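Visitor: Under the working numbering, the residue at position 33 of the sequence shown is numbered 33, and the numbers go up by one with no gaps.
If you're looking for bench data, these hints aren't it; they were derived computationally from the structure.
There could be a bad hint or two in this list.
[As the list claims (entries may be wrong)] With beta-carbon atoms standing in for the labels, derived distance ranges: (1) T104 x E12: 27 to 33 Å; (2) S46 x P181: 36 to 42 Å; (3) T143 x A39: 46 to 52 Å; (4) S48 x N99: 18 to 24 Å; (5) K93 x R114: 14 to 20 Å.
All values reported here derive from a predicted model rather than from experimental measurement.
C-beta atoms are modelled at their ideal positions from N, C-alpha and C, and glycine is treated no differently.
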Amino acid sequence: MCRRFVMVDRDEVARVAAEVARRLEAREDAVVRLGALDALDDFRASLSAPAPREPAAHRDAFPSSVVALIAPTGLGTQLAVADMVWGYEVPWKKGPVFNTRIETARDNPSSMWRASFERRRCLVPAWRFFESHATETVASPRTGKPMRRSYSFARADGAPLILAGIHEAGRFSLVTTEPSPVVAPVHSRMPLALDADGAALWLVGDFAAALGRSAPALEAAPEA
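Please construct the entire structure, taking both the sequences and the accompanying hints into account.
Guide: In structure tokens:
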């Protein structure tokens, strides 16, 4: 379960949005398929104000953080930067629900995620995401007690990751899938990580093609 990632600043998010928009413009069916999604103006009132700019070392996102992400505007292939809170609020759990299994959202018509999956898909640029190892432990720097070691995963080429997301009422959730060979030794799930072409496929709803693409090459690094 992904509980942490490193945010991308708004200028870089806008650059990623422009790159994905170019991929959408090259698709003859993009305008029609994006037209099935809710327009940005439908939920603009529920968006958050942009988070204050902070030094890069302090840009980790955790559940309930405000994050700059990418959402379709409803105007053709135009994409926009929007600020949303990480995690859906639910009445049956204390704290937000912030990861969505793609199998549940796609295959279960009664899932709480289904409407968002069908009508409110988004993209979450990140420099890296973190997962905890199932068995490997290290001493906690705060208490000295054993804790599960965390690993970070980033693109090998240094470019931002584009993580698949869904949203509702100004809140978003990261979509998770089966792990890639790099992530599998650490964790049984990972965020659905895409390149720009895969991100365009995600937005237009071509899920089989998006999942069938090889994820961007990732590098793993253990946290001290």
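Visitor: All hints, please: hold or fail.
Guide: Against the structure, the hints:
no.	hint	verdict
1	T104 x E12: 27 to 33 Å	holds (31 Å)
2	S46 x P181: 36 to 42 Å	holds (39 Å)
3	T143 x A39: 46 to 52 Å	holds (48 Å)
4	S48 x N99: 18 to 24 Å	holds (20 Å)
5	K93 x R114: 14 to 20 Å	holds (18 Å)
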